[in-house]
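Just so you know, the protein sequences line up as chains W and Y, in that order. So that you can map any letter, position 174 of the first sequence is 174 in this note's numbering, and since no number is skipped, the others follow by simple counting. So that you can map any letter, position 126 of the second sequence is 126 in this note's numbering, and since no number is skipped, the others follow by simple counting.
Please keep in mind that the hints were generated in silico from the structure rather than gathered at the bench. Note that the structure is a prediction, hence the values are computed from the model and not measured. A portion of the hints provided could be inaccurate.
Below 35 Å or equal to it, Euclidean Cα-Cα: the simulated DSBU-like pairs (lysine-lysine) are [to be verified]: (1) 35(W) - 100(W); (2) 29(W) - 347(W); (3) 148(W) - 35(W); (4) 35(W) - 100(Y); (5) 315(Y) - 221(W); (6) 221(W) - 318(W).
Spelled out from the first residue to the last, the chains are:
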Amino acid sequence: MVSVQKDADATLTRHRSGGEPVLEVEDLKMYFPVKSSGLVRRTVGHVQAVDGVSFQVPAGGALGLVGESGCGKSTTGRLITRLHDPTSGAIRFEGTDLAKLSPRQMKPMRRDVQMIFQDPFSSLNPRHTVGAIVSSPLVTHDMVPKNKVLSRVQELLEVVGLNPEHYNRYPNEFSGGQRQRIGIARALALQPKLLVADEPVSALDVSIQAQVVNLLDDLQKEFGIAFLFIAHDLAVVRHFCPEVAVMYLGKIVEIADRETLYNRPHHPYTQALLSAVPDVRQAAVGGRRERIRIEGDVPSPINPPSGCRFRTRCPLAKEICARVEPPLMQIGRRHKVACHFPGELGKHPEEPVTARLLGVDDQGSPDPGGSPTDLGNPPGFADTWFDLDKRQMAGATSRSTTQDAG
Amino acid sequence: MSTDTGVTTGAAGAAAAGERLLEVEHLTVKFPTADGLVNAVTDLSYGVARGKTLGIVGESGSGKSVSSMAVLGLHDPRRTRIEGSIRVDGQEVIGLSEAKLRRIRGNSAAMIFQDALASLHPFYRVGKQLSEAYAAHHPKASARDARRKAIEMLDLVGIPQPDRRVDDFPHQFSGGMRQRAMIAMGLINDPSLLIADEPTTALDVTVQAQILDLLGDLQREFDSAIIIITHDLGVIAEMADEVLVMYAGRAVEYGATRELLTHPEMPYTWGLLSSVPDVSGDVDARLLPIPGNPPSLLDPPSGCSFHPRCVHRDKVPGDLCTTTIPDLSPGGRGPGHLKRCHLADPERIYATEILPEIAPDLADGAPAAPAAAPTNKEA
Numbered sequence: 001m002v003s004v005q006k007d008a009d010a011t012l013t014r015h016r017s018g019g020e021p022v023l024e025v026e027d028l029k030m031y032f033p034v035k036s037s038g039l040v041r042r043t044v045g046h047v048q049a050v051d052g053v054s055f056q057v058p059a060g061g062a063l064g065l066v067g068e069s070g071c072g073k074s075t076t077g078r079l080i081t082r083l084h085d086p087t088s089g090a091i092r093f094e095g096t097d098l099a100k101l102s103p104r105q106m107k108p109m110r111r112d113v114q115m116i117f118q119d120p121f122s123s124l125n126p127r128h129t130v131g132a133i134v135s136s137p138l139v140t141h142d143m144v145p146k147n148k149v150l151s152r153v154q155e156l157l158e159v160v161g162l163n164p165e166h167y168n169r170y171p172n173e174f175s176g177g178q179r180q181r182i183g184i185a186r187a188l189a190l191q192p193k194l195l196v197a198d199e200p201v202s203a204l205d206v207s208i209q210a211q212v213v214n215l216l217d218d219l220q221k222e223f224g225i226a227f228l229f230i231a232h233d234l235a236v237v238r239h240f241c242p243e244v245a246v247m248y249l250g251k252i253v254e255i256a257d258r259e260t261l262y263n264r265p266h267h268p269y270t271q272a273l274l275s276a277v278p279d280v281r282q283a284a285v286g287g288r289r290e291r292i293r294i295e296g297d298v299p300s301p302i303n304p305p306s307g308c309r310f311r312t313r314c315p316l317a318k319e320i321c322a323r324v325e326p327p328l329m330q331i332g333r334r335h336k337v338a339c340h341f342p343g344e345l346g347k348h349p350e351e352p353v354t355a356r357l358l359g360v361d362d363q364g365s366p367d368p369g370g371s372p373t374d375l376g377n378p379p380g381f382a383d384t385w386f387d388l389d390k391r392q393m394a395g396a397t398s399r400s401t402t403q404d405a406g
Numbered sequence: 001m002s003t004d005t006g007v008t009t010g011a012a013g014a015a016a017a018g019e020r021l022l023e024v025e026h027l028t029v030k031f032p033t034a035d036g037l038v039n040a041v042t043d044l045s046y047g048v049a050r051g052k053t054l055g056i057v058g059e060s061g062s063g064k065s066v067s068s069m070a071v072l073g074l075h076d077p078r079r080t081r082i083e084g085s086i087r088v089d090g091q092e093v094i095g096l097s098e099a100k101l102r103r104i105r106g107n108s109a110a111m112i113f114q115d116a117l118a119s120l121h122p123f124y125r126v127g128k129q130l131s132e133a134y135a136a137h138h139p140k141a142s143a144r145d146a147r148r149k150a151i152e153m154l155d156l157v158g159i160p161q162p163d164r165r166v167d168d169f170p171h172q173f174s175g176g177m178r179q180r181a182m183i184a185m186g187l188i189n190d191p192s193l194l195i196a197d198e199p200t201t202a203l204d205v206t207v208q209a210q211i212l213d214l215l216g217d218l219q220r221e222f223d224s225a226i227i228i229i230t231h232d233l234g235v236i237a238e239m240a241d242e243v244l245v246m247y248a249g250r251a252v253e254y255g256a257t258r259e260l261l262t263h264p265e266m267p268y269t270w271g272l273l274s275s276v277p278d279v280s281g282d283v284d285a286r287l288l289p290i291p292g293n294p295p296s297l298l299d300p301p302s303g304c305s306f307h308p309r310c311v312h313r314d315k316v317p318g319d320l321c322t323t324t325i326p327d328l329s330p331g332g333r334g335p336g337h338l339k340r341c342h343l344a345d346p347e348r349i350y351a352t353e354i355l356p357e358i359a360p361d362l363a364d365g366a367p368a369a370p371a372a373a374p375t376n377k378e379a
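Make the full structure from the sequences, and use the hints.
Given below as structure tokens:
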């Protein structure tokens with residue numbers, strides 16, 4: 001356990017020193033057209049599934065992507081593996097922008113970026129043997145000579161904890177957890193540098209989930225694979241990822257290292273999400289846990305609310321939230337939040353902290369004297385950030401008072 | 001000392017079996033198939049009182065849904081062999097004719113299914129489906145009465161603008177709203193027993209919290225008995241008064257929620273607790289999965305059905321685990337807490353081997369915490 005702690009520290013130091021991110025996503029957008037019915041199918045609107053998402057995944061690290069269904073987390077994963085073509089934005093994998101590659105140019109990149117799918121029943125072809133499933137990426141990408149394919153397949157099956165003698169069985173002969181292992185073996189066949197895991201355990205039984213999470217944990221340590229871990233289960237994400245991003249309706253509302261996000265979340269949505277998770281430890285107290293209730297459902301991404309997208313369900317929403325969209329603002333060393341009133345639970349500020357940065361007054365109307373600052377939407381973290389207590393820019397060094405926000 | 005009081009209350013509840021709304025005794029359900037006889041449920045006994053909630057936990061295939069479907073007589077009698085006794089409000093359900101079962105279904109006992117989209121008819125308006133359920137048990141009610149009742153129920157479960165949404169089709173509802181509509185349909189005839197089969201599994205956590213709150217509110221209002229079937233121990237911890245842990249068709253542990261989840265005595269329950277990460281737990285604590293897979297119910301293992309996956313088997317003398325099925329009997333913590341295990345001193349193993357692994361922060365204070373908890377309740 002001590003060594004794990006050391007590893008975590010090492011990853012953190014690498015982050016801090018601005019270590020190489022293996023994947024950098026900047027202002028990624030995916031708008032699906034909505035067509036009218038009838039003979040001439042005109043585009044009548046767009047589902048803004050992913051709308052301006054930026055993040056980094058460090059080499060050998062793991063970023064968790066959480067949110068409710070329909071928030072665009074799976075679409076983000078599918079964009080990175082180029083299963084969809086993004087509307088705009090950049091997906092830089094080791095410096096190459098995947099978003100602009102043609103399918104032919106994309107092929108060699110697929111070796112490095114692989115995906116694990118959610119449903120172990122529909123993601124394996126029932127008419128192919130396990131050997132054929134796991135070997136097909138090897139053959140497609142010419143990874144090993146033909147006579148070595150079988151031994152490599154057996155090796156892979158062993159790595160994921162399956163009996164290597166079972167290569168000639170069909171998927172229906174395996175249980176859910178074992179099938180998920182087959183999917184993992186297929187993803188590992190090309191020795192990827194980045195694995196996009198889209199809800200890898202949510203279709204599995206509780207006791208099997210832990211087996212698969214532990215397997216992914218071991219694989220990451222052994223092969224140094226970076227993970228983009230997409231899940232709705234906050235506890236599993238917390239267990240697996242040192243850094244976590246929370247999405248709501250196509251946007252990242254808060255991104256931070258695990259300790260900050262789970263212990264000191266600043267966005268009201270993150271706070272509500274965390275308080276909604278039922279806790280086994282509640283058994284010692286009895287009854288329902290005190291929680292923040294958010295009413296209603298997620299609004300439609302075809303016609304999202306103006307300003308802040310969470311405002312329709314937010315207990316803190318004020319006038320400014322409907323008028324101006326809060327920028328994803330860095331408020332700590334590794335902590336960004338998109339809210340006009342960010343703060344720990346019960347300590348949200350009365351006045352919007354973002355008003356001056358955006359050049360508006362406290363109600364969100366344009367302020368003639370204000371000078372808006374363009375914060376942009378950079379994927380990484382900067383060395384300076386907006387200090388919420390002092391209401392000014394602060395930095396990692398002691399020169400925190402030299403810069404002003406305006 | 002105060003712990004004992006808690007246990008005796010549980011025992012008193014068990015003793016006063018006559019007051020229980022639902023009483024399941026020695027229920028055995030078998031399905032003859034081409035491959036042989038599937039022993040889906042074996043010798044299962046439990047009960048729920050009015051206003052109380054029973055949580056049933058277990059993996060898929062542990063028989064939790066099969067047993068609760070038997071309560072509503074949903075198994076085809078030609079393809080099922082059911083033995084034992086199920087009494088709903090004193091009425092024996094097993095062997096009842098289809099016509100009489102219908103009078104119970106939806107009226108005194110109702111069920112909420114996991115997948116609300118699949119359980120609502122896609123061609124009929126939500127209001128129509130609700131009022132049909134009402135009219136079925138109120139033959140004298142006019143169509144207008146039934147519609148009014150449907151709107152009233154939709155309002156009760158928190159659907160906005162119920163007088164307009166009543167004419168929507170199921171696909172126009174969101175996942176959470178569909179589940180609410182299912183609950184409305186289940187409650188439309190004021191059943192005294194509500195069986196919720198994984199009511200929130202397909203939902204997001206925020207919606208899950210809304211639905212669980214709703215179930216709790218409705219239970220207080222109607223004083224109904226609820227059975228919640230789930231695999232999420234967190235839901236159990238917050239909702240249930242009693243817990244039944246099932247494995248391979250049998251009850252393996254049964255007791256009051258607080259008692260059972262703070263002092264589990266069966267290795268399978270330990271496994272369930274240790275294989276789920278905790279939102280507030282230690283991130284470095286490794287998950288301890290239960291090795292292997294659930295057994296086939298066609299050919300259940302000899303002896304204790306959990307023995308092939310049990311890591312504590314070597315602590316039992318001889319080959320007891322592989323030859324003899326342990327009884328569901330009270331452990332060292334009083335008659336209110338039943339467990340099916342041969343381990344002689346499970347409490348010590350849990351405190352010294354399991355708890356430090358899954359919750360190091362609780363392990364130190366473990367002896368103090370349970371003693372303190374019931375005291376709070378009395379105060």
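Hint check:
Proposed proximity of residue 35(W) and residue 100(W) is supported: the alpha carbons are some 25 Å apart, at most 35 Å. Between residue 29(W) and residue 347(W), the direct Cα distance comes to roughly 33 Å. Compliance with the 35 Å bound is thereby established for this hinted pair. For the hint pairing residue 148(W) with residue 35(W), the CA-to-CA distance comes to about 49 Å; that exceeds 35 Å, so the pair is violated. A distance of roughly 51 Å separates the Cα atoms of residue 35(W) and residue 100(Y); the hinted pair therefore is violated under the 35 Å criterion.
Between residue 315(Y) and residue 221(W) the CA atoms are separated by roughly 33 Å; this keeps the pair inside 35 Å, and the hint holds. Under the criterion of a C-alpha separation no larger than 35 Å, the hint pairing residue 221(W) with residue 318(W) is inconsistent with the structure, at around 46 Å.
Checked against the numbered hints given earlier, the structure breaks hints 3, 4 and 6 and satisfies all the rest.
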